[in-house]
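Same order as they appear, the protein sequences are chains G, E, B and R. Under our numbering, the first residue of the first sequence is numbered 1, with each subsequent residue one higher. Under our numbering, the first residue of the second sequence is numbered 123, with each subsequent residue one higher. Under our numbering, the first residue of the third sequence is numbered 245, with each subsequent residue one higher. Under our numbering, the first residue of the fourth sequence is numbered 367, with each subsequent residue one higher.
Rather than coming from a laboratory, the hints here were simulated on the basis of the structure. You may find that some hints are simply not true.
Stated by the list, open to error - Using 25 Å as the maximum straight-line C-alpha spacing, the simulated DMTMM-like pairs for lysine to aspartate or glutamate come out as follows:
1) G/117 <-> E/173
2) B/361 <-> E/136
3) E/239 <-> B/303
4) G/117 <-> G/97
5) E/239 <-> B/295
6) G/117 <-> E/136
7) E/239 <-> B/266
8) R/483 <-> B/264
9) R/483 <-> G/22
10) E/239 <-> G/40
11) E/239 <-> G/51
12) E/239 <-> B/312
13) R/483 <-> R/417
14) G/117 <-> R/417
15) R/483 <-> R/463
16) G/117 <-> R/463
17) E/239 <-> G/14
18) G/117 <-> E/181
19) E/239 <-> G/97
20) R/483 <-> G/68
21) B/361 <-> R/380
22) R/483 <-> B/284
23) B/361 <-> E/219
24) G/117 <-> R/380
25) G/117 <-> E/142
26) R/483 <-> G/97
27) R/483 <-> B/266
28) R/483 <-> G/40
29) E/239 <-> E/219
30) R/483 <-> B/312
31) E/239 <-> B/305
32) B/361 <-> B/295
33) B/361 <-> E/223
34) E/239 <-> E/223
35) R/483 <-> R/467
36) B/361 <-> R/388
37) B/361 <-> B/344
4 protein chains.
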Amino acid sequence: MAPTLEGLRQRLVEFAAAREWEPFHTPKNLAAALSVEAGELLEIFQWLTPEQATAVMSDPERAHRVRDEVADVLAYLVQFCTAVGVDPLAALAAKIERNEERFPVPGAGAGGALDVKPDVGE
Amino acid sequence: MAPTLEGLRQRLVEFAAAREWEPFHTPKNLAAALSVEAGELLEIFQWLTPEQATAVMSDPERAHRVRDEVADVLAYLVQFCTAVGVDPLAALAAKIERNEERFPVPGAGAGGALDVKPDVGE
Amino acid sequence: MAPTLEGLRQRLVEFAAAREWEPFHTPKNLAAALSVEAGELLEIFQWLTPEQATAVMSDPERAHRVRDEVADVLAYLVQFCTAVGVDPLAALAAKIERNEERFPVPGAGAGGALDVKPDVGE
Amino acid sequence: MAPTLEGLRQRLVEFAAAREWEPFHTPKNLAAALSVEAGELLEIFQWLTPEQATAVMSDPERAHRVRDEVADVLAYLVQFCTAVGVDPLAALAAKIERNEERFPVPGAGAGGALDVKPDVGE
């Protein structure tokens with residue numbers, strides 16, 4: 001059966017509890033760790049051309065690293081959310097709704113791809 | 123009904139398609155954007171003491187920023203995974219299993235909290 | 245004789261040229277690499293208490309990592325500046341002047357330490 | 367007269383002292399702030415094509431942001447080094463020497479540009 005985010009969250013809670021790692025899992029430390037792991041994911045791509053980056057998963061060693069860093073980022077994001085009491089899925093649903101208002105779909109005929117993507121971060 | 127990660131993923135795909143933003147959503151660009159947003163989440167905490175950081179959600183303005191940055195990080199992670207064809211939940215499940223082998227639970231009586239947490243990143 | 249930033253910059257230019265690494269040193273790649281290395285520096289501190297972090301240089305292995313990551317961050321910053329034609333010392337001097345206007349020194353008696361430091365980034 | 371890194375360092379020390387910001391300038395906080403600012407520099411480039419990124423300084427608004435973020439990164443790097451007692455120029459000089467041994471210049475005729483640049487971080 002496919003894992004759910006909530007199921008994985010509970011496994012991460014148990015994993016940390018069994019190893020007495022909770023004292024390290026403060027919001028500030030977890031935000032730092034999340035940023036560090038996002039940097040490790042970016043590291044895989046830093047010297048690649050756009051073409052090499054698009055084909056990253058065709059290299060088995062890089063593909064493993066990508067999956068591994070994705071897991072680390074998601075793990076720390078989930079643990080951060082647990083530490084501060086935020087539901088990440090609800091937060092994302094709310095953000096998508098705000099962005100649908102902030103960035104209306106261009107009307108028919110308005111057309112034309114953007115030169116530079118607007119920043120959806122607030 | 124509570125949103126699912128897959129449901130949100132589909133909304134993000136439609137959101138980008140409707141605005142013709144797909145050309146920007148290369149794996150390398152999304153990995154960079156993920157790292158940038160993780161930095162923005164960390165920024166909230168950078169000058170806070172551990173105590174202030176733990177109470178971050180009791181300040182409504184900071185609480186909003188936290189939820190907003192969590193949403194941005196999750197959005198870019200999901201979009202990155204879509205771009206490279208990785209299932210983030212499967213990747214995290216596999217990583218938890220590897221970590222359960224790499225970091226066995228200390229036996230009864232081994233005890234004692236760690237001075238420094240080992241790095242679970244590979 | 246103590247090295248200067250300009251002298252080190254020239255050695256980095258020669259180092260990359262001799263190894264034919266210039267094609268990789270685009271502004272975008274170097275900005276990514278700089279961010280990745282700043283993450284590696286932060287990694288050293290992510291699970292440390294403020295007290296452990298303050299004493300970081302008393303541990304020889306950590307002290308070596310700190311110096312090594314500082315060097316990597318400075319190297320990529322200098323190489324980024326070379327790629328875009330920015331003088332980092334002039335940029336910092338100009339920023340300090342702007343910040344001296346933006347954050348006037350509190351008058352005598354205004355006193356009192358801040359609860360949270362204002363963000364000097366613009 | 368052109369500013370020196372040491373001269374700017376002293377101005378940053380005085381700037382922070384006059385505003386009673388030293389309590390915030392712990393090694394851990396400064397490492398986090400450095401990483402955050404490196405992310406803000408990367409943000410300028412995240413959606414740019416390599417060609418747009420190379421021409422970044424021809425856009426006056428982006429050029430200002432680049433110089434501003436370079437200044438922030440350098441400021442926090444210098445303040446971090448002050449907090450831990452590291453000389454950044456000496457650290458970089460030592461690293462260049464180590465890298466000259468780790469990555470010998472290819473002999474005449476060995477030739478050929480690399481497909482992927484090796485990682486000079488240790």
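Could you tell me which of the numbered hints above are not met by this structure, giving the numbers in increasing order? Those not satisfied are hints 1, 2, 7, 9, 11, 16, 18, 19, 23, 24, 26, 33.
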